[in-house]
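Make a model of the complete structure from these sequences and hints.
Keeping their order, the protein sequence lines are chains F and D.
Numbered by my numbering, the letters in the first sequence go through residues 148 to 651 in order.
Numbered by my numbering, the letters in the second sequence go through residues 148 to 651 in order.
A pair holds if it fits inside one copy or across any two, identical chains being indistinguishable in the list.
In silico BS3-like links for lysine-lysine, alpha-carbon gap of 25 angstroms or less: (1) 381 <-> 188; (2) 188 <-> 166; (3) 358 <-> 381; (4) 526 <-> 539; (5) 618 <-> 297.
Calculated directly from the structure, the hints in this document are not laboratory data.
So the chains spell out like this:
Protein chains: 2
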Amino acid sequence: MTTYDPTSDLAALDALELKLFARRYAMGDINFNGETIDPAKGAPARGEALAILSEEAHELLCAPEVGEVLERLAAHAELLDDTHAHQVRVLTRDREQSISVPAREEADYTRLVSEAGDVWHRAKLANDWASFEPYVDRIVETMRRFAGYKDPARDPYDVWLDEFEIGTSRAFYDRFFDQVKECVIPLVADVCAKGWQPSLDSFRGHFDAAKQWELARDIVELEGLDMDALVIGKTEHPFTDSLVSSHAFIASHVHEDDVISNVYSMLHEGGHALYEQGVNPAYDYTSLKGGVSMGIHESQSRFFENYVGRSEAFAAPLLALMQRRFPEQLGHVDPHEFYLAVNRAEPSLIRTEADELTYALHIVIRYEIEQLLFSGEAKACDVPRLWAERYKGYLGVEVPDDRRGALQDTHWGGGMFGYFPTYALGSAYGAQYRDKMVEEGVDFDGLCAAGDLAPIRAWLAERIWQFGRAKDPNDLILGACGEPFDASHFTRYLTDKFTTIYGL
Amino acid sequence: MTTYDPTSDLAALDALELKLFARRYAMGDINFNGETIDPAKGAPARGEALAILSEEAHELLCAPEVGEVLERLAAHAELLDDTHAHQVRVLTRDREQSISVPAREEADYTRLVSEAGDVWHRAKLANDWASFEPYVDRIVETMRRFAGYKDPARDPYDVWLDEFEIGTSRAFYDRFFDQVKECVIPLVADVCAKGWQPSLDSFRGHFDAAKQWELARDIVELEGLDMDALVIGKTEHPFTDSLVSSHAFIASHVHEDDVISNVYSMLHEGGHALYEQGVNPAYDYTSLKGGVSMGIHESQSRFFENYVGRSEAFAAPLLALMQRRFPEQLGHVDPHEFYLAVNRAEPSLIRTEADELTYALHIVIRYEIEQLLFSGEAKACDVPRLWAERYKGYLGVEVPDDRRGALQDTHWGGGMFGYFPTYALGSAYGAQYRDKMVEEGVDFDGLCAAGDLAPIRAWLAERIWQFGRAKDPNDLILGACGEPFDASHFTRYLTDKFTTIYGL
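Written out as structure tokens, the structure is:
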């Protein structure tokens, strides 16, 4: 019997990883520039460059000899160091997901969503659902077909839920959202019945953009980002990306009439960037770099935005930063007033502006409509009606137009059906981390009050960040919290917090 | 006899061009970000990504089957449209230049200059020639060896002169610099003997950086750039690049104590960007995109910086822009005073700050020292002495230290021996364009005075810009001016201009 020597297969794997890294790096810079600085007329060439690089990445990964290398290495996992073993597992999964869809159909789909994104943008501005409608049907139809390629035995929507958050399905999310609804719906009703709301008066006024950008840096510095490994850019829709652990991007925006929006956008994006900076640097040039899933990524961003950023304890250090940049406008505000203002819970129309309590209901509505589209029970033409019915039913608000209704989010035009639930799930993961930290003796509120987040970051870095894509979400949660995901941490948190704030 | 059908070879050529385009695009964005926004800790990963992408470009171009495709197409040039014929010629030359150097030696050299660039940077700050010295010797030695691979029959320095400016050699530059010296040296002596200099007093003061960036945009807009196809970034050393004709970058800097520096940097970089925006858009995804040579590129930047920007006629519209942004500091200045101030001719130590008259002497000094290094008559340890002797001889100035001497420029650390002469040559090309325009009836001064550069741009676009890399420098000059390059246009221009200003 010949003994297998993995040396040459490992060399092939390392060479492949470097080529994939170079494409991720290039596409990361190209996308960041596209969203932040590129001139209007630069879009077609950017699209062409991205299409070529992503097609090359697809070809590299799907090459038959790569399949053979991965198979041989997987069959001799005992000969591999941990990092290579994880790479083999993750690359094999990435490859299976890429290879199942015929290259030409993938390319057609890329063109479809690129066009749909443009159409959506114009449709939203013009409040014109009809122009976007055919794209929704075509995208859903294509995603259903692709789901069939990926796993013909499975429900197509389940396939996509699982793609955005490994290990999830309708059954999983149904249970989760039932728990959430059971908690949130009566709470929202009680808040509305109470008839009192915290005042926002102290936060009205004009906040100079240049000063707000300085504040943006202050905030991520307080949050604990390595500023020598971070770029901050300006864009319309905030986002975070990262090339290696020592190079993260945040792109954000400021509104001169709303300083709070900037503060919480930066806390949110800073959470994403902390995760990316915290991945084991040994994974930098491999497929293990980056966040493992959207849900885990959102669990970091929403952790810093909400569990830290909207806590009563953190109100003092956060407000102090704001007061330093805007002494005239905010000098008279006290931390408790700030805490109440940023936790004002109120049914509303726009998901991205929703408070922590009602947020999950915005997600439930999208989750339900996506299911109807994927099951064929509804077509795109039904969406505005379904949207209005559900906003009325869950939140008690009238949808005045599609711009503030089904056209508000960019996701569907980009083919991101199955993505929305990860936002709610990410929020819920965070409550469980927080409870676990406190159980283990982390003085969460004391640290927030002192503006010293280092021990909180250390906990997350050790349990979540360092692993990058090397651990799947379920394993991460189990490893971090000593138990599987449990939504009751989240519902308890919401109940305690909003019962107290509103004196219910 | 079988008839050759070029269809499949042309398809292979087009596919290669797209892959090369994607790499140029990616490396363009990566480099721009590296010079403008990347975080300090991002450098190693950026270097790795660039190394991988450039190695891939080298492999793509040097693949044996590409050589065969190019040979077959070149042998049937009569079957090709003009664009493909140019592509075959330019790609064949690019390929020959790439393939002659063994890949490993090329990679070692890339590492050497990358390290040397770093060492130079620190050496300049520390005024420490000794630490940089061994790199100069190693780079010269490597470049001599590479020249031998490229053309063993030719003098090594000639090989590199020709690489940076096709068609040049020591014989060519010796003639050119003799003409320049014959004109400039007595002029400089007369200016010095005159004992009078224009005053700079009106331009001292504090010029707010944010306002200077607004002025920077005003300037390139007046120059005529398509602002929807331009990005302006911030960097230490100004430069211009371009991805396609509809996407150019300018990176520049401002100094709050010196508004003139910003104005002329932007005019200079704007000239480069006009050239890039003016290349035939049909060349966008091919090797024909971009400027044909450094000399021709500098001829555009220095045309707008000097022939337009430092003309007496353009002083009024240019000063008006400056006054709009800085009414308090500059409101009292008149155009003639401004014209004199920006044409103050004075022997000095620093090339990049030199005036239009003495500039060429700074280049002559570098050209002479480079020849001594390449011929073996001098080693790096001799450079500070040679530098001091020549600055004393040509410009009459004492070199107080290497920081303001042989360490001032970045070029040698980057292996750009043979590059400096293109700066002087580019300046000289411009005088010939200007004379030709005027001869053909372009009202150069009238247009400058009116701030209407469109007819001047149209002339340059038609004769120079549109061709990209499809015409070599000699052919461009001949086509544009109806005669070969002739340095007497340049020497006449300098003589007339500075005789008048200084009343010689």
